[in-house]
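Novice: Letter by letter, the chains look like this.
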Amino acid sequence: AQRVTQPEKLLSVFKGAPVELKCNYSYSGSPELFWYVQYSRQRLQLLLRHISRESIKGFTADLNKGETSFHLKKPFAQEEDSAMYYCAPNTGTASKLTFGTGTRLQVTL
Amino acid sequence: EAQVTQNPRYLITVTGKKLTVTCSQNMNHEYMSWYRQDPGLGLRQIYYSMNVEVTDKGDVPEGYKVSRKEKRNFPLILESPSPNQTSLYFCASSLDAPSTDTQYFGPGTRLTVL
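Chains S and L, in that order, are what the protein sequence lines are.
Residues 1 to 109 (our numbering) make up the first sequence, in order.
Residues 1 to 114 (our numbering) make up the second sequence, in order.
Calculated directly from the structure, the hints in this document are not laboratory data.
Mixed in with the good hints there might be a few duds.
[Unchecked claim] In silico negatives: residues of chain S with every beta carbon more than 12 Å from chain L:
#1 Lys57
#2 Glu79
#3 Thr108
[Claimed, not checked] 30 Å max Cα-Cα, derived DSBU-like pairs, lysine-lysine:
#4 S:Lys73 / S:Lys57
#5 S:Lys96 / L:Lys71
#6 L:Lys18 / L:Lys69
#7 S:Lys9 / S:Lys57
#8 S:Lys96 / L:Lys57
#9 S:Lys96 / L:Lys69
[Unchecked claim] Output of the computed footprint for chain L on chain S, the stretches with three or more beta carbons under 8 Å from beta carbons of chain L:
#10 37-45
#11 99-105
All figures in this text were calculated on a predicted structure; none of them were measured in a lab.
Where is the CB? At the ideal position from N, CA and C, for every residue including glycine.
Between the sequences and the hints, there should be enough to build the whole structure, so can you do that?
Specialist: What follows is the structure, encoded as structure tokens:
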């Protein structure tokens with residue numbers, strides 16, 4: 001079965017520090033990959049997707065096929081980045097996205 | 001405003017008392033899904049629907065039913081709720097398959113089964 005691993009339940013960083021939220025998946029194909037975010041008291045929403053190769057709110061995510069990883073990065077964390085982040089690779093089933101267990105990012109002053 | 005709505009937002013019930021959580025979207029989306037969110041387990045898909053009258057099981061369908069009689073609505077039915085169904089439930093919709101398209105999520109329904 002396809003697996004998605006977000007090894008950190010909680011990641012606490014200082015404002016202005018770099019952030020890397022890890023995501024590893026087990027799938028031998030070429031997956032489409034998403035990062036979804038849930039800010040406090042807001043709905044889960046798409047942050048970015050691999051295929052668009054864009055930077056959203058300063059975040060980027062690079063697919064590393066060799067390591068089967070899709071880590072989310074931001075060079076300088078801001079307070080408003082504090083949220084729950086979910087990695088979600090498509091692992092071969094069109095109708096379903098498999099979500100990781102999530103990482104809570106806490107940005108402190 | 002384009003959105004996904006869920007009702008109720010909060011529900012406390014007792015074991016065995018049938019309940020329905022409604023989900024509606026106004027974006028003319030083909031795909032709709034139900035997820036449950038539990039601490040340490042992330043989001044797990046319960047059921048999904050690809051179009052009217054087309055539904056299928058997700059990862060954790062036991063104890064749940066769904067129906068898709070209209071494109072905009074996708075209710076989640078718990079015929080005989082049990083305490084292990086206490087969870088936070090999200091409905092989501094997308095124009096194309098969730099594996100390739102952005103999903104839009106509802107605000108969530110927090111269910112407690114006593």
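Novice: So, for every hint listed, does it hold in this structure?
Specialist: For each hint, the structure was consulted:
With a least CB separation of 16 Å from chain L, S:Lys57 remains clear of the 12 Å interface cut-off, as annotated. Once the 12 Å rule is applied to beta carbons, S:Glu79 is consistent with being away from chain L; the minimum gap is 23 Å. No Cβ of chain L approaches the Cβ of S:Thr108 within 12 Å, the least distance being about 22 Å, so the stated non-interface status holds. For the suggested pair S:Lys73 and S:Lys57, the alpha carbons sit about 11 Å apart, so the restraint of at most 30 Å is met.
Between S:Lys96 and L:Lys71 the CA atoms are separated by roughly 19 Å; this keeps the pair inside 30 Å, and the hint holds. Only pairs whose Cα atoms come within 30 Å are accepted, and L:Lys18 paired with L:Lys69 is accepted, the gap being roughly 20 Å. At most 30 Å may separate the alpha-carbon atoms for a hinted pair to count; S:Lys9 and S:Lys57 meet this at roughly 22 Å. For the hint linking S:Lys96 to L:Lys57, the alpha-carbon distance of about 10 Å falls within 30 Å, and the restraint holds.
A hinted pair counts as satisfied when its Cα atoms are at most 30 Å apart, and S:Lys96 with L:Lys69 qualifies at roughly 21 Å. A stretch counts as covered by a chain when three or more of its residues have a beta carbon under 8 Å from one of that chain; for the stretch 37-45 of chain S and chain L the count is 3, and the coverage holds. Counting residues of the stretch 99-105 of chain S whose beta carbon lies closer than 8 Å to any beta carbon of chain L gives 4, which meets the minimum of three for the stated coverage.
Violation of the numbered hints given earlier is absent; every hint is satisfied by the structure.
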